[in-house]
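Visitor: Keeping the supplied structure of chain A fixed, place chain B upon it in accordance with the hints.
Respectively, the protein sequence lines represent chains A and B.
If you're matching positions, the first sequence starts at 1 in full-length UniProt numbering and goes up one per residue.
If you're matching positions, the second sequence starts at 1 in full-length UniProt numbering and goes up one per residue.
Honestly, the hints are just simulated from the structure, not real lab data.
Since the list can't tell identical chains apart, any single copy or any two copies may satisfy a pair.
Below, simulated BS3-like cross-link-like pairs (lysine-lysine); rule was C-alpha separation at most 27 Å, straight line:
{"no.": "1", "residue 1": "Lys510", "residue 2": "Lys335"}
{"no.": "2", "residue 1": "Lys510", "residue 2": "Lys467"}
{"no.": "3", "residue 1": "Lys386", "residue 2": "Lys26"}
{"no.": "4", "residue 1": "Lys485", "residue 2": "Lys588"}
{"no.": "5", "residue 1": "Lys335", "residue 2": "Lys588"}
{"no.": "6", "residue 1": "Lys227", "residue 2": "Lys337"}
{"no.": "7", "residue 1": "Lys149", "residue 2": "Lys182"}
{"no.": "8", "residue 1": "Lys321", "residue 2": "Lys588"}
{"no.": "9", "residue 1": "Lys335", "residue 2": "Lys227"}
{"no.": "10", "residue 1": "Lys227", "residue 2": "Lys333"}
{"no.": "11", "residue 1": "Lys510", "residue 2": "Lys333"}
{"no.": "12", "residue 1": "Lys588", "residue 2": "Lys333"}
{"no.": "13", "residue 1": "Lys471", "residue 2": "Lys510"}
{"no.": "14", "residue 1": "Lys285", "residue 2": "Lys337"}
There are 2 protein chains.
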Amino acid sequence: MPTYTPPLRDMQFVMHEVLKIADEYKAMPRHADVDVDTINAILEEGGKFASEVTFPLNIGGDEEGCRLNQETHEVTTPKGFKEAYHKYVEGGWPALSCDPEYGGQGLPIVVNQAFYEMLNSANQAWTMYPGLTHGAYEALHAHGTPEQKKTYLPKLTSGEWTGTMCLTEPHCGTDLGMLRTKAEPQADGTYKITGNKIFISAGEHDFVANIVHLVLARLPDAPQGSKGISLFIVPKFNVNKDGSLGSRNGVYCGGLEHKMGIHGNATAQIVLDGAVGTLVGEPNKGLQAMFVMMNAARIGVGMQSLGLTEVAFQNALAYAKDRIQMRSLSGVKAKDKPADPIIVHPDVRKMLLTAKAYAEGGRALSMFCSLLIDRELHHPDEKVRKESEELVALLTPIVKAFLTDNGHIATNACMQVFGGHGFIKEWGMEQFVRDNRINMIYEGTNTVQSLDLLGRKVLGNNGATLKKFGKMVAQLVEEEGVNEKMAEFINPVAYLGEQMTKFTTEIGFKGFQNPDEVGAAAVDYLRVAGHLVFGYFWARMAQVALREIAAGNTDPFYQAKLQTARFYFAKLFPETATLMRTARAGSKVLMDTDLALA
Amino acid sequence: MPTYTPPLRDMQFVMHEVLKIADEYKAMPRHADVDVDTINAILEEGGKFASEVTFPLNIGGDEEGCRLNQETHEVTTPKGFKEAYHKYVEGGWPALSCDPEYGGQGLPIVVNQAFYEMLNSANQAWTMYPGLTHGAYEALHAHGTPEQKKTYLPKLTSGEWTGTMCLTEPHCGTDLGMLRTKAEPQADGTYKITGNKIFISAGEHDFVANIVHLVLARLPDAPQGSKGISLFIVPKFNVNKDGSLGSRNGVYCGGLEHKMGIHGNATAQIVLDGAVGTLVGEPNKGLQAMFVMMNAARIGVGMQSLGLTEVAFQNALAYAKDRIQMRSLSGVKAKDKPADPIIVHPDVRKMLLTAKAYAEGGRALSMFCSLLIDRELHHPDEKVRKESEELVALLTPIVKAFLTDNGHIATNACMQVFGGHGFIKEWGMEQFVRDNRINMIYEGTNTVQSLDLLGRKVLGNNGATLKKFGKMVAQLVEEEGVNEKMAEFINPVAYLGEQMTKFTTEIGFKGFQNPDEVGAAAVDYLRVAGHLVFGYFWARMAQVALREIAAGNTDPFYQAKLQTARFYFAKLFPETATLMRTARAGSKVLMDTDLALA
Chain A
1 MPTYTPPLRD
11 MQFVMHEVLK
21 IADEYKAMPR
31 HADVDVDTIN
41 AILEEGGKFA
51 SEVTFPLNIG
61 GDEEGCRLNQ
71 ETHEVTTPKG
81 FKEAYHKYVE
91 GGWPALSCDP
101 EYGGQGLPIV
111 VNQAFYEMLN
121 SANQAWTMYP
131 GLTHGAYEAL
141 HAHGTPEQKK
151 TYLPKLTSGE
161 WTGTMCLTEP
171 HCGTDLGMLR
181 TKAEPQADGT
191 YKITGNKIFI
201 SAGEHDFVAN
211 IVHLVLARLP
221 DAPQGSKGIS
231 LFIVPKFNVN
241 KDGSLGSRNG
251 VYCGGLEHKM
261 GIHGNATAQI
271 VLDGAVGTLV
281 GEPNKGLQAM
291 FVMMNAARIG
301 VGMQSLGLTE
311 VAFQNALAYA
321 KDRIQMRSLS
331 GVKAKDKPAD
341 PIIVHPDVRK
351 MLLTAKAYAE
361 GGRALSMFCS
371 LLIDRELHHP
381 DEKVRKESEE
391 LVALLTPIVK
401 AFLTDNGHIA
411 TNACMQVFGG
421 HGFIKEWGME
431 QFVRDNRINM
441 IYEGTNTVQS
451 LDLLGRKVLG
461 NNGATLKKFG
471 KMVAQLVEEE
481 GVNEKMAEFI
491 NPVAYLGEQM
501 TKFTTEIGFK
511 GFQNPDEVGA
521 AAVDYLRVAG
531 HLVFGYFWAR
541 MAQVALREIA
551 AGNTDPFYQA
561 KLQTARFYFA
571 KLFPETATLM
581 RTARAGSKVL
591 MDTDLALA
Chain B
1 MPTYTPPLRD
11 MQFVMHEVLK
21 IADEYKAMPR
31 HADVDVDTIN
41 AILEEGGKFA
51 SEVTFPLNIG
61 GDEEGCRLNQ
71 ETHEVTTPKG
81 FKEAYHKYVE
91 GGWPALSCDP
101 EYGGQGLPIV
111 VNQAFYEMLN
121 SANQAWTMYP
131 GLTHGAYEAL
141 HAHGTPEQKK
151 TYLPKLTSGE
161 WTGTMCLTEP
171 HCGTDLGMLR
181 TKAEPQADGT
191 YKITGNKIFI
201 SAGEHDFVAN
211 IVHLVLARLP
221 DAPQGSKGIS
231 LFIVPKFNVN
241 KDGSLGSRNG
251 VYCGGLEHKM
261 GIHGNATAQI
271 VLDGAVGTLV
281 GEPNKGLQAM
291 FVMMNAARIG
301 VGMQSLGLTE
311 VAFQNALAYA
321 KDRIQMRSLS
331 GVKAKDKPAD
341 PIIVHPDVRK
351 MLLTAKAYAE
361 GGRALSMFCS
371 LLIDRELHHP
381 DEKVRKESEE
391 LVALLTPIVK
401 AFLTDNGHIA
411 TNACMQVFGG
421 HGFIKEWGME
431 QFVRDNRINM
441 IYEGTNTVQS
451 LDLLGRKVLG
461 NNGATLKKFG
471 KMVAQLVEEE
481 GVNEKMAEFI
491 NPVAYLGEQM
501 TKFTTEIGFK
511 GFQNPDEVGA
521 AAVDYLRVAG
531 HLVFGYFWAR
541 MAQVALREIA
551 AGNTDPFYQA
561 KLQTARFYFA
571 KLFPETATLM
581 RTARAGSKVL
591 MDTDLALA
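Just chain A, same shape as in the assembly (with noise of 0.2 Å):
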């Protein structure tokens, strides 16, 4: 059976050492008392609670699945999975970084990212129940009115109700302008609206007593595509004036899908029967306000493919510590032992640390994300505000794409380690990589990630906002441009950034005459981008291990993540050089294939 233990050392270096959060916040009024033990005080219970509480439940959940009884159209979840929520509950974690004016606990974005990774290490597929919600919460706090707002954000605050977002269509998942669900405005200024969805993840469940769907519909007079979609709040059961719960709404669960992975969520298909639903913001606006849950839920999927990085990393660790096989090729190890432990094997390790700088490269960055938000939200500055946003939107596609491809290799790596025991289900690694493998599709797929970075937000606006974070690189070269035990981290960097400038404008300029230039580009210019962004942390935290060392510190954590910095540099990081000329080889090997693919 798996472990898992809480990375509160490596969370607390990336927040304290490396972005010095704490700092941060001081200029920010909303969060101008979050101390550094607070923070670590939370996230240390929070810890507690994904490894004591919904870890253990994690390779039952998926074992059990969920079941839904076709006649009361509602869904059992697996063994444990409600009790686990109902303790979260009583915790307060849903309330965690809500706004206080609806109950919540008003904290940063960045301690409950920290959280929400240590729950995906610990569950997957139950830590989306929660996760949905906070999806539907946002929506709503951005763009609900007074009285929706009144009526569900404390529910979805407290966790006593559950938020889904209802989008995909059997006909439509990336293409929302194809959608066909109705909503026909009723009399007393409701919408009755009529549909099939699928693919609704916690679309139902056994936890609590109310379902907040948050549904894409079009109405009657909509104009055709994406401009004529709009959003509505549809729950489950009706709510009354009084916010006590009515009559049975016309939603309900028609199916569950038989899925690869995360099997202990209900991935439902919604039927709409002429539910009552209310409109969310403004008629034929519902693909804007669902973008503010969308770009959240995509750095949470991020955030699911760290999770997962990391628990696949300690247990392979420890499988390589401890399972003996064949000696070393450079002579015995253990010699009281008739073989060496195999993590003497050179390959054996390369698995190992890719998993463990795939881990660390992308905490910082998804933390470093997290800040942008709070920032975005919370600075006093507006320009600050408007630069953090713009930062954050370009780093978006890269978290979700980058962290869920690099979780499929370091699952899958993690996995290997175990030999023909990894594919054993009772070892819980094929696990990992099964319920990771949803990351790479769903809220976009990465292909459609990385045509939303290269064509929407850098070509988009010419490189300006890449050029911002040009900017972060440029700066840390010049701070330790003449630093000589800095060079091995700076100089791939730098390189790799000069390289990107004139990538960029080729591609660009190509893409000018040719659109499927781009689009024949955008995935491994994705992948170079991830590197630049993993390389700039990576040197920002050799930086920080060298001036602990230099300063005498003799914290084996310093000296660890140097090696680990090296590993990077050296093993990982050169993919950029293949990606850089498979991009340049273009779109006419692709598009001239009609032969081929006929």
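Guide: The following block gives chain B in isolation, referenced to the frame of chain A:
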């Protein structure tokens, strides 16, 4: 539900137009009568068997899995599996390439392997039952006593009985030197065998009356380690002198593993409780005897992934043409539809072409290996036999590791083409990913294959065998060096060939000083070697296609082949740039990481 069409045209292209196998067979007395029409007719029938009999059982087999009756120790296979096996036996398929002396049809290995590619596309879990039998057949054919051969080979050839390989024990897989199963000599010349084996594929089932286990065990006076292992036949039912079944032997299934994939195959824990066995080959030479079947099995595992790559490609291609979603970046393509089929998107094409290029490259390489085995077994010239043996030994780890890693990349890419639907079981795509995953692990993990390639097959004889493959490359370069149309296919291969030579010398030198350098480079090295070999075969396939086109052949197959070749060299082959760099980054960044991996 997925579909499958046997790729007969491409098989014929490789067999008859690239490798010209019928000409080769004219030189071999055993196969002198084998002509093109016979081969094609057999494979057409074989394709029907795969697509019509075993393919329809694939998803059901995955859902149902195998069940063990704990009291009788009997295993029930999924619905239809047993009946399909009986049709397989009635069709004479088990005997295809077996020795006529024992009832076989004596056809070339190429034919049998091409048939197996299709069986694996159709249903890998089912195919492992006859596949393991074939391995047992080969080990007994090479090392059995005349009496053992007379007793067992006709039954394995007809398929009346099946076989297994019992190697792994709970504490040892790769490191068989540690195995503990005991074999005590009895007065009647038999052995009493006691121990526990795990991960025994096709280890127990309801297909046939008897199962012939080939078991590795240790004699009482055996030397320690791998030099003290002997091979035994341990039948499920003892066999009487007249060939009829006798008493139930003390070998039974103690449990079935719950696995990520290949659910339809019974992965058995086999308990040997004083079972009666007979020695195969010489005492303490069991590993050598087993290697006969392990080499064949390694190529067989590569064929499993080849089969999955092909079937995943076919289904992703069909989906990409059918599924409409978004518009082409370069303008509307399907004006009559609300969106364009997703095949218009460059990255969707890239995912499809990746699978196609890996399937067709893998088919050429593995058929060439099978031809080498035919030469090794039946060529009248001893020198040809020896050279073929050496070359197939070099290529075996490449077929095993490169094709299975490519299968991982390809099945995941094809699943990704389906978006959210790829994660849903009913589409069948995620099963291809799960089934393929074991291929990277069993029969020696891909790390073990890479050490076999670099340490033993390449450096072990100072690159002598590699140079033989280099000569094949050089010959092609000489033939086509002045052909401008071939330059795009020949130049990258020639360049990489030169690089490989330097690179090999370099690693050999470093490895001489520090063997961990070999371990650190091996996995990257194998992938570079894989691309060198694939590049060579893609160039040869392009050569044939260009000649046909020049001769006025208007079959679009040849243009399609060139399109895929161009894609391969532009988008997949350049991976070698990174691999050479990371391999050269050496072992220090892996080995000096005790603190990072504390």
